[in-house]
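Novice: One-letter residues, chain by chain:
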Amino acid sequence: MLICRRTFLAGAIASTACSLPVFGATASRPEFFKGSIEDNGVSFRATNYRKIDKRWRRQLVKYTSTEPQGTVVVDTKNHFLYIIFENQTALRYGVGVGREGFKWYGVAKIMRKAIWPRWVPPPEMLVRKPELPKFMDGGPDNPLGPRALYLFRGGRDLGYRLHGTTEPWSIGSDASSGCIRLFSEDVIDLYQRCPIGTKVLVIKHLGAPVIDESAPADAL
Amino acid sequence: MIPHLAGRLLCVLLVSIGLAACSTSRNSSPSAPAADLTNEPDSGGVNVQPGSEKDLMVNVGRRIFFTENSAALDETAKVTLDKQAEWLAQFPQWKVKLQGFADEPGSEAQNVAISKKRAEAAMQYLVSKGIAPERMFAKGYGRDRLIQDCADLSCKAQNRRVITNPQDAPET
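Residue numbers (this note's numbering), protein chains in the order written: chain S, 1 to 220; chain U, 1 to 172.
In case anyone wonders, no lab produced these hints; they're calculated from the structure.
Be careful, since some hints might not be right.
[Said to hold, decoys possible] List time: in silico DSSO-like cross-link candidates among lysine-lysine, alpha-carbon distance up to 30 angstroms:
1. K95/U - K34/S
2. K204/S - K113/S
3. K62/S - K83/U
4. K117/U - K62/S
[Stated by the list, open to error] On the chain U side, residues computed to face chain S include the following (Cβ under 10 angstroms):
5. T38
6. D42
7. S43
8. K54
9. M57
10. L73
11. T76
12. A77
13. D144
14. I147
15. D152
16. S154
17. A157
Beta carbons are placed, not taken as given, at the ideal position from N, Cα and C, and that holds for glycine.
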């Protein structure tokens, strides 16, 4: 059965750090925003949930699994992120996923968290989009949004984050590029619920095989 | 090599039709949730009753977390407690039990002591935010009711917690 696991792992090795959405899009779709929210000294535009399909909104759902409470499970195909609660329930959030972006599947841990994170575009993205800044301070126009949760494996930063967005319409879709993004309101909420050390499973869809945590570390 | 190849082909086939049959070590794999149950809305889905226990779970958050051997409230814990204080002020019919837990190196007695300190720290903070101490009860459970028992931080982090547990159905 070892062969089997390796076969599956092969798809996971072909991962690159995910990139992020384009700039300047916020102004173009004002109908997706309503009012503003103050957070840690920064004012950002609140999501207009009347424009958002209910299924992408944060809600308690039934969830049968053996995963312990507090685990985060990302179903990339169906655009849901779950945090496991007690009594066979989970809190479910809608997410946006990169079309070419989140090719990595597996088990990781949140080992760093940031409020109004700054953004350093990865070198390969700067090649693709030379007009991007080399560095961007955290703030309402930063594509990471108000929070970022950084995924690590074996003590190494995987280059993947759970973060907010300046493009609420991209939740529930495979955006042009991107990590796992949530509504800004939701990533603020999730940040509160995930201590450093929180386990994150990124899977293709619920019920799909998970890369075994005991897989050789050098495979990743 | 024939069985080897056959095994690989079988595996690819199994993976391709989406069966979680690959790994014999399933300790980190979620079981396949029953499609007819998972994702069914619980307690009204997005329309949670304000002031209900589920409202506290979904819109406030019942848990705060701690680092090893510490009962100090970090900024994140304070933000959650601020929201809890707001909620408790808005819905005065509730009393809450603040349940502290621990998963530290050391004796059971030390674990009970630190878990109690955690619950009391949460209570003192809520009192400082205007919640009457008569509405609250702090208790330490030590290493009882571990979420999961393992040496890794992913287990420890979840176990080192205080849960704000509403008591008694509210009078309506």
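Novice: Against each hint, give a clear statement of whether it holds in the structure.
Specialist: Now the hints, each set against the structure:
| no. | hint | result |
| --- | --- | --- |
| 1 | K95/U - K34/S | violated, 35 angstroms |
| 2 | K204/S - K113/S | holds, 24 angstroms |
| 3 | K62/S - K83/U | holds, 25 angstroms |
| 4 | K117/U - K62/S | violated, 34 angstroms |
| 5 | T38 | holds, 5 angstroms |
| 6 | D42 | holds, 4 angstroms |
| 7 | S43 | holds, 6 angstroms |
| 8 | K54 | holds, 6 angstroms |
| 9 | M57 | holds, 7 angstroms |
| 10 | L73 | violated, 13 angstroms |
| 11 | T76 | holds, 6 angstroms |
| 12 | A77 | holds, 9 angstroms |
| 13 | D144 | violated, 15 angstroms |
| 14 | I147 | holds, 5 angstroms |
| 15 | D152 | holds, 8 angstroms |
| 16 | S154 | holds, 4 angstroms |
| 17 | A157 | holds, 3 angstroms |
In this structure, the hints that do not hold are numbers 1, 4, 10, 13, in rising order.
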